[in-house]
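K.L.:
According to our numbering, the sequence shown holds residues 1 to 205 in order.
Treat the hints with care, since some could be wrong.
Simulated DEER-style distance windows between Cβ atoms [unchecked claim]:
| id | residue 1 | residue 2 | range |
| --- | --- | --- | --- |
| 1 | K90 | E25 | 14 to 22 Å |
| 2 | S35 | M172 | 21 to 29 Å |
| 3 | I117 | N22 | 21 to 29 Å |
| 4 | E17 | S47 | 16 to 24 Å |
| 5 | H29 | K178 | 40 to 48 Å |
| 6 | S107 | L32 | 19 to 27 Å |
| 7 | N10 | R114 | 41 to 49 Å |
| 8 | K152 | E25 | 23 to 31 Å |
| 9 | N10 | Y77 | 33 to 41 Å |
| 10 | T80 | E169 | 31 to 39 Å |
| 11 | E71 | N113 | 16 to 24 Å |
Keep in mind the hints are simulated off the structure, nothing from the lab. The structure displayed is predicted, hence computed values, not measured ones. Using N, Cα and C, we set each Cβ at its ideal position, and we do this for glycine too.
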Amino acid sequence: MDEVLKTGYNIVLTLLESGGDNLSESDRHLLLKRSDDVSNQDKPRMSAILQSCYRGFFACAVIGHTFVPIETIKSRYGKTLDENYHGASKSFIRFATSYWTLKEVVSDFRLNNRELISTVIFQLLLTVETEIATTFFPTPGLVKFPTKLREKAQRELLQKYGESIDIDEFIMGNPILKASPSGRGCMPLILVIFMLLVFIVANVI
């Protein structure tokens, strides 16, 4: 097995175990498939595996689990997370540690072997990383969402998945929320679309 794929496979196993799921032998074969080879019969189990991975991420984020060595972050971006998120709460830094080290794995898939992008393992990791980024670590761009809207979305997901996270400490120590815009001038339609996305993520089966 390719080393990058093996790393991804082990991370998926970690997420599943942390999310309270156990893999059968057929599940293991499913994880090694290409996404195009997933049948309609496989899809219900795939959906359950994705939800377990999502729950598992929050369980890992409670303790700041690292999916790659934490030194990788400074090597790539030039700063540690503490330096980048100055004044952040401990719970936020732990959450960011799990997110950014997971993102490194997703980046390795893209950079090292583009053929791996079509694998079920990559698609699972990409989906979890993207959904976390959408609500907690947005990419700077033209469309900006107001602080209250983003805070509401974060609270909803933390209440659903982050049982052991002190939500108030997390929110108050979240430097991204402090840097968010007030929301003046944002188009109502964009806000509706964003809230719909959060609702879908929080309630996907």
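K.L.:
Among all the numbered hints in the text so far, which are the ones the structure does not match?
P.N.:
Of the numbered hints given earlier, those the structure breaks are 1, 2, 7, 8, 9, 10, listed in rising order.
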